[in-house]
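Trainee: So the chains spell out like this:
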Amino acid sequence: MKKMENNRSSDGVWIFGDCRNHFQNRVTLQLIAKGKELAETLNTEVTVLVLGEQVHQYAMEYTAHGADVVMVAEHPGLKYYQVEMYTAVIARWIEASKPDILLAGATSFGREFFPRLAKRVHTGLSADCIGLEVDPETGNLLQTTPAFGGELLAEVVTSRHRPQMATVRPGVFQELQHNSKATGRILYPEIDVQPEQRVQLLGSQRQQVRKNNLEEAQVVVVGGRGLGSKEQFELVSELAELLEGEVGATRPAVLAGWSEEERLLGQTGKAVKPRLLISIGTSGALQYTAGIHGAETIIAINRDPRAPIFKMADLGLVGDSTTLLPLLLEALRKRIKNHYLEHIASSVRTSGGA
Amino acid sequence: MNIVVCIKQVPDERTIRIDWKAMTILREGVDSIINPLDYVALEAALDLRRRAGGRVTAVSMGPPQSEGSLREALAAGADHGILLTDPAFAGSDTLATSHVLARAISKIRPLPDLVLCGMQTIDSDTGHVGPQIAEELNLPQVCGVMEIHLKGDSLVVKRLNDGFLDTIRITLPGLLSVNQGLCCVTHLPLGALEIAFSQRSIARWGLKELGLSEEEVGVRGSATRVQRLHPPASDREGELVSGSPHVLVDRLTHKLEALRILDEEDGK
Amino acid sequence: MRLEPTMKQAVIRRTVKKFADTRLAGAAVEMDKTGRFPWDIAREMAALQYFGLEIPIDYGGAGLDAVSSAMVVEEISRANAAMGLCVSVHNSVSAYPIYRFGNHDQHERFLLPLASGDKIGTFCLTEPNAGSDTASIESTATLKGDEYVLNGNKIFVTNGGISGINLILARVDPAENGGGFTVFIVESDRKGLEKGPPEDLMGMRGNPVCPISLNDCCVPGENILGKAGEGMKIVLSSLSGGRIGIGAQALGIAQASLDVSLKYARERYQFGKSLLEFEPIQKFLADMAIRIEGARLLIYRASNLKDKGLGYAIESAMAKLYASEVAVDATRMGVQIHGGYGYTKAYPIERYYRDAKVCEIYEGTSEIQRMVIARSLLREKGGPRGLGERPQSSASRDRGERGL
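Residue numbers (my numbering), protein chains in the order written: chain A, -9 to 344; chain B, 3 to 270; chain C, 6 to 409.
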C-alpha cells in the first residue's frame, strides 16, 4: 500500500485492548494486526490501550503481537468494565494525544461504550465493520459495515472529525504470530479515576448460550441425499453437536425419514443465516439453496465435482462423506479437547468474568 | 415513573429498495414498521407503568410518515406521542440523531425518570443512539437489557454481555436499551388504532421548537457519511479441494480454526 | 378523489398483516388438513375486535370504515382464507344487519356478544331447493300467540358449526298479519334448532359449514329483525355488504397466489435460467398483478361509496364478481407456474386453488351478479356509469338502499 505523507494534525492508530477473556483477547490481537497494516500506510504507530487491574502481562502480549506502544491504566476501580469510567479515562487520553484512528472489537462491551466515547469526543463511529482500508487519495479510513442485517454493505467515512472510530466484527482479521523478540514502549500515563456510583455490577454468571433455533443458529450442518442412510445422517448430528450448531436437512433427507420437517431448509422450509454452514451430501438443488444464501461461510462436501452446490460454497471438498465424516469427527474431538484445556487455563486467569 | 420510549419507523426488511444514485433507502411505497426492538421497549415501558404508575411518552424522529408509528404506540397504550420532524433533520447520522432526541427529551415535562430504546435498528444496525443520548443527557446506561426489576429509586436489570449474564443496579434517572426476550410483543386491537387516529393528537417539534440550529443536525451535524452502498459479493470464493480423505479433513479443520468456530464463543 | 390509502388505513393493514403472518398462516395448514376450527385463535381475534369491524366502538366494535374493514378481511384471507371467510360473513351478514336494522333491545341482547366475538354469527338463507332462487325458500314461521313457530331446513350455513346467533329467513303466512319474508334472530341454544355435521368441502376447510334445521322452534316476536315482511329488503341490503367482504376475501387469496408464485419463479431454474426470464411466466405474473389491482380498486370503490352513505349495490356486485374470478384465475396460473410441485401439498398454492373456487359461488353466484349488473344497466337512463360520474341508480333507490 502507498505510504502517506505525515502532514496531518491527528496521528496514530489506537486499539482498545479488550483483555477480559480468551475470546476478547484474540479479537484484540486481530485488531492489532489490522492496525499495523493501516499504520504502515499512514506512516504512524499502533498504540494499544489497556485498562484494568494487574494487566501488565497483556501489555507484554500485545507488544509481542505487533503493538508499537501500549498505554496502561492500572487501578482497582478499573478491574471490572464500567462504561463511564472507561469512557472518561480514554476520552482524556484522546484529548491529550489526538489519535487518527481508534478501533475496538464489536463485542457487547465494545458496542456499548464506544458510542458513548464517540459522543463525548464528538466524532464519528461505525459499527461492526467487516472491512477497513485507507483511501489513497484522502487518507481517510474507509469503513465497510453491514446494514439491513447484512443484506447490504455500507462504506462509511468520517472526514471532518478525529479520531475515526469503529468497532470491528470478531474473526474478520487474522492475528499476527507471537514474536517474542518484538519490542514496544509501555507507558503509564496519568489517570484520574472517579468511582462509578450510578451503575453497579451486582453479579455475573457465565452462560452456556445454546440456541435451539435453526434460524438463529451460528453454525448449521446440513445433510442431504448423498449421505445414503439414517446412520450416516446421525453423524451429521454429531458434527453439529461438536460445533455447537444446529442440524438442517434437505427435502430428500426428510422424505427418507432421516430428519424431521422442522429441520427442512429451502423454499418450503427455513431460511438460515449462520456464520458457518456445512452442507454434506447435498447436490445443491435450488429449492434447497434458496434457504442458505444468508450464511457467511459455506463449506460443501460432495462426491461429484460438478455438483451445483460447489458454486455456492466458499470451500468445496470433493469426497465421499461416508469416509470423511468419521475422520472429521475424530480430528475435531481431539482439537476441541486441546482448546478446552487452554480455555480452563485462561479462565482461571480472568476469574470474575468482568 | 415517567418513561420516554424512543421509536424509529423503519422499512420492513422484506421490502427494501435502494436508490443507488442518492445512496439511500427508498422510503416511498415500502412497507414501514416500528423497529422491532423499539416495540419491545414500548411494551417494557407499558409494563413498568402497570407496576409503578406514571406516564409513557413515545418519541420518534423521522419524516412526516413516521407519525403512523407514533399512532401505533398510542394504540398500544402510550399516553403521549411526539414527532420530531423537520426537513433539516434528513441525512443525520447517529451523532446528530442522538442530539435531536436528547434535546427533545430534555424538554419533556415532567422530566423523565427513565429512557428506553431498542438495542439496535434493523436498518442501520449500529446500536449507537441509546448510549449517545445517555452521554448527552449525562444519564447512566445499561445496554441489552432482558429483565427489569423495580428497587426503590433504582432498577435492577439483567443482560447478556459477552457470554455472561450480568445483574446490574442502575440509579434513576437513567437509560436502558432493550433486547429480545424482555417482553412478549402483543398485537394491537383494531378499535384502539381507530381511536388513536381519530381522537388522539400527536405533538410535532422541529428545529424551532427544539431550539436547534441547522449546523447541529442533518448532514452538517453528522460526523459519518455513507459513501457507497452495495450488496455483498454474490459470488463466493469457491475454492475446490480434492485429494485423500486426510488431506480433505485437514483442510476443513484449518478452515474451522480460521473461522474461530472451535473457540469458546461469546453469547452473540 | 383519493385512490391511495390514508395513513390510518396503512397502519391498520400492517397491524393485521403482522397478526395474520404470526398467528394465522401457520394454522391454515392444520385447519385445511383436519377441518377443525381453531377456537384459541378466534378468541385472540375477538379480543382484538376482529369480530366487530364496522360496529361502533360504543358497542365494543372496532369502529372501522368500510375500506379499512375490507383491508382487514383481505389480509386475514391472504394468510388463512377459511378464517377470512369466518370473519367476513360474521361481520357483514350477521353483526352488521343487526346493527343496521335492530332495535335497542336487540342491540343489547345480540349485537354486543357478536361485536365482542363472544358469539359467532351466521345468516341462514340457502335451502335444499332454494339456492340462487331465494324467493322459493320453504321455511315457514307460523304465529302462535305472541311467538312464531319456525320449521325448515337451511343448508350450507357458513360458520354454522360454531355459531351462537343465527339470522334465519323464513316465510310468514301471507294471510297473517305482515306476512311474507321475515328475518328472525335465533339463538343456537334455542329449543328446536339443530345443527347437522359439517360438510366435507373442497376448500375453506376449517370453516364449519353446516346444515341448520328448525323443528317447531318457537321464537318470540321480539326476535324479528326489522319488521315482519321486511325480510327481503334486509337480505338484499346485507348481501351488498357481504359482497364486499367476499370480494376482499377473494382478493386476499389472489394476492397470496401472486406472492408465492413470484417467489417460486425467482428461485426455480430450468434450462440454466430463472423462470422469471421466460415470457410465458412473465405473462402469467403480469396478468395476475393487473387483475389483482383491478379487483382491489373495485373493492375500494364499493367500500368508499358505502362509507359516504351512497348506494353501492351494483358496485359491490361488480367487485365480488371480478375479485372471485381473479382469484380462480390467479390460483390456476399459480399452480401452473409451480409445475409439478404446485400439485403437491408441500406448497400452499394447491390449497389457494381449492379455496378460491367457492368465491364464484357463494353470496350470489357469478351468474346472478351478472344478471343484477345487466338489469341495472337496462334501467339506467343516459348511458353507462363510470368513476367520473356518479348518479345514484334508480334501481338501488327503489330498493331503499341508502347508506347500507
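Quick caveat, the hints were computed from the structure, so don't treat them as lab data.
Keep in mind that a hint or two might mislead.
[What the hints assert, rightly or not] When the alpha-carbon atoms are kept at most 25 Å apart in a straight line, the in silico BS3-like pairs for lysine-lysine are as follows:
#, chain 1, residue 1, chain 2, residue 2
1, C, Lys23, A, Lys263
2, C, Lys268, A, Lys301
3, B, Lys153, A, Lys324
4, C, Lys278, A, Lys260
5, A, Lys260, C, Lys268
6, B, Lys257, A, Lys26
7, A, Lys301, B, Lys210
8, C, Lys22, C, Lys278
9, A, Lys260, A, Lys301
10, B, Lys109, A, Lys327
[As the list claims (entries may be wrong)] For each label pair, taking beta carbons as the anchor points, the in silico distance ranges come out as:
#, chain 1, residue 1, chain 2, residue 2, range
11, A, His46, B, Pro89, 27 to 35 Å
12, A, Gln190, B, Pro247, 52 to 60 Å
13, B, Ser215, C, Glu284, 51 to 59 Å
14, C, Pro202, B, Gln67, 20 to 28 Å
15, A, Asp125, B, Arg206, 52 to 60 Å
[What the hints assert, rightly or not] To give a feel for the contact side, a few chain C residues facing chain B, derived at Cβ under 8 Å:
#, residue
16, Thr20
17, Tyr55
18, Tyr64
19, Gly68
20, Val154
21, Leu383
Beta carbons: idealized from backbone N, C-alpha and C, even for Gly.
Trainee: Decide if the proposed pair is consistent with the structure: Lys278 (chain C) and Lys260 (chain A), CA atoms, cutoff 25 Å inclusive.
Mentor: Measuring from Cα to Cα gives roughly 24 Å; hence the hint holds.
Trainee: Would you check the hint for Lys268 (chain C) and Lys301 (chain A), treating anything up to 25 Å between C-alpha atoms as holding?
Mentor: holds (21 Å)
Trainee: Given the hinted pair Lys260 (chain A) and Lys268 (chain C), is their alpha-carbon gap at most 25 Å?
Mentor: holds (14 Å)
Trainee: Quick one, are Lys153 (chain B) and Lys324 (chain A) close enough, alpha carbons at most 25 Å?
Mentor: violated (49 Å)
Trainee: Identify whether the interface hint at Val154 (chain C) stands, where standing means a beta carbon of chain B within less than 8 Å of its own.
Mentor: violated (39 Å)
Trainee: Given a hint of 52 to 60 Å, does the C-beta separation of Gln190 (chain A) and Pro247 (chain B) actually sit inside it?
Mentor: holds (55 Å)
Trainee: Please test the hint of 20 to 28 Å on the beta carbon pair from Pro202 (chain C) and Gln67 (chain B).
Mentor: violated (51 Å)
Trainee: Holds or violated: is there a CB of chain B closer than 8 Å to the CB of Leu383 (chain C)?
Mentor: Violated - the Cβ of Leu383 (chain C) stays beyond 8 Å from chain B, reaching only about 40 Å at its closest.
Trainee: Could one say that the CB atoms of Asp125 (chain A) and Arg206 (chain B) fall in the range 52 to 60 Å?
Mentor: violated (40 Å)
Trainee: Within 25 Å, alpha carbon to alpha carbon, are Lys301 (chain A) and Lys210 (chain B)?
Mentor: violated (57 Å)
Trainee: Next pair to validate is Lys109 (chain B) with Lys327 (chain A); report whether the Cα-Cα distance is within 25 Å.
Mentor: violated (58 Å)
Trainee: If you take the shortest Cβ to Cβ gap from Tyr64 (chain C) to chain B, is it below 8 Å?
Mentor: Constraint on Tyr64 (chain C) not satisfied, violated at 10 Å.
Checked against the numbered hints given earlier, the structure breaks hints 3, 7, 8, 10, 11, 14, 15, 18, 20 and 21 and satisfies all the rest.
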